[in-house]
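Visitor: The primary structure of each chain is shown beneath.
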Amino acid sequence: ETGVTQTPRHLVMGMTNKKSLKCEQHLGHNAMYWYKQSAKKPLELMFVYSLEERVENNSVPSRFSPECPNSSHLFLHLHTLQPEDSALYLCASSPKPGGYGYTFGSGTRLTVV
Amino acid sequence: DQQVKQNSPSLSVQEGRISILNCDYTNSMFDYFLWYKKYPAEGPTFLISISSIKDKNEDGRFTVFLNKSAKHLSLHIVPSQPGDSAVYFCAASAGLNFGNEKLTFGTGTRLTIIP
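So the protein sequences, as listed, match chains G and D. Residue numbering for the first sequence is 1 to 113, as defined by my numbering. Residue numbering for the second sequence is 1001 to 1115, as defined by my numbering.
Just so you know, these hints were derived from the structure itself, not from any lab. All C-beta atoms, glycine included, are put in the ideal place defined by N, C-alpha and C. Hints should not be assumed to be uniformly reliable.
To be verified - Here are the in silico distance ranges between beta carbons for each label pair: (1) D:E1015 <-> G:H79: 44 to 54 Å; (2) G:T111 <-> D:K1054: 35 to 45 Å; (3) G:K40 <-> D:S1028: 18 to 28 Å.
Take these sequences, add in the hints, and give me the full structure.
Guide: As structure tokens, then:
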């Protein structure tokens, strides 16, 4: 256990479904991130939150909607996804935005059918 | 445009020998570099890092070398052990001192240690 917990570990959803991914950290970190890992591609940054405010959105389609209610929790709400959205979604946190002290969760393996 | 490149998708090394994983980058603003290790069904875990003011950082069996002029870094693992079998990601950050830059990752290299 790294200190960053993601649920569920696996998720299969239809293209018309609505689901949410959850991330929780109790490391006292102030920044949280969503990354997407597709096969044979680099980890792609989706969203950055610093002190519960979104500071970066890397042109992610609106069918992905993040929510950060407090500095310990981060959600990724999913609706009307496409099969190409199937990937490993990783949450990470760090003391502050930037490259230092990143801690990743184990990820949610998402399959869109 | 991929700013961090790991051109070898896989590498096999005999147990006890040296493993060398390579990473190239294109953004001259990158000043902090990290290596992450990832086992199946787990998230990446931090392994070792190096700041651009150094050209070498060592931690036990792991050493990272940075060649700024060539925009190249490498991770050396010696001696290699079966537990080192994993996917290794290179990552880079610009303006770390300002604390407001994201990590850019490479595509990863799958290292297999052969007993």
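Visitor: State for each hint whether it applies.
Guide: Against the structure, the hints come out as follows:
no. : hint                           : verdict
1   : D:E1015 <-> G:H79: 44 to 54 Å  : holds, 48 Å
2   : G:T111 <-> D:K1054: 35 to 45 Å : holds, 42 Å
3   : G:K40 <-> D:S1028: 18 to 28 Å  : holds, 26 Å
In terms of the numbered hints stated before, the structure departs from none.
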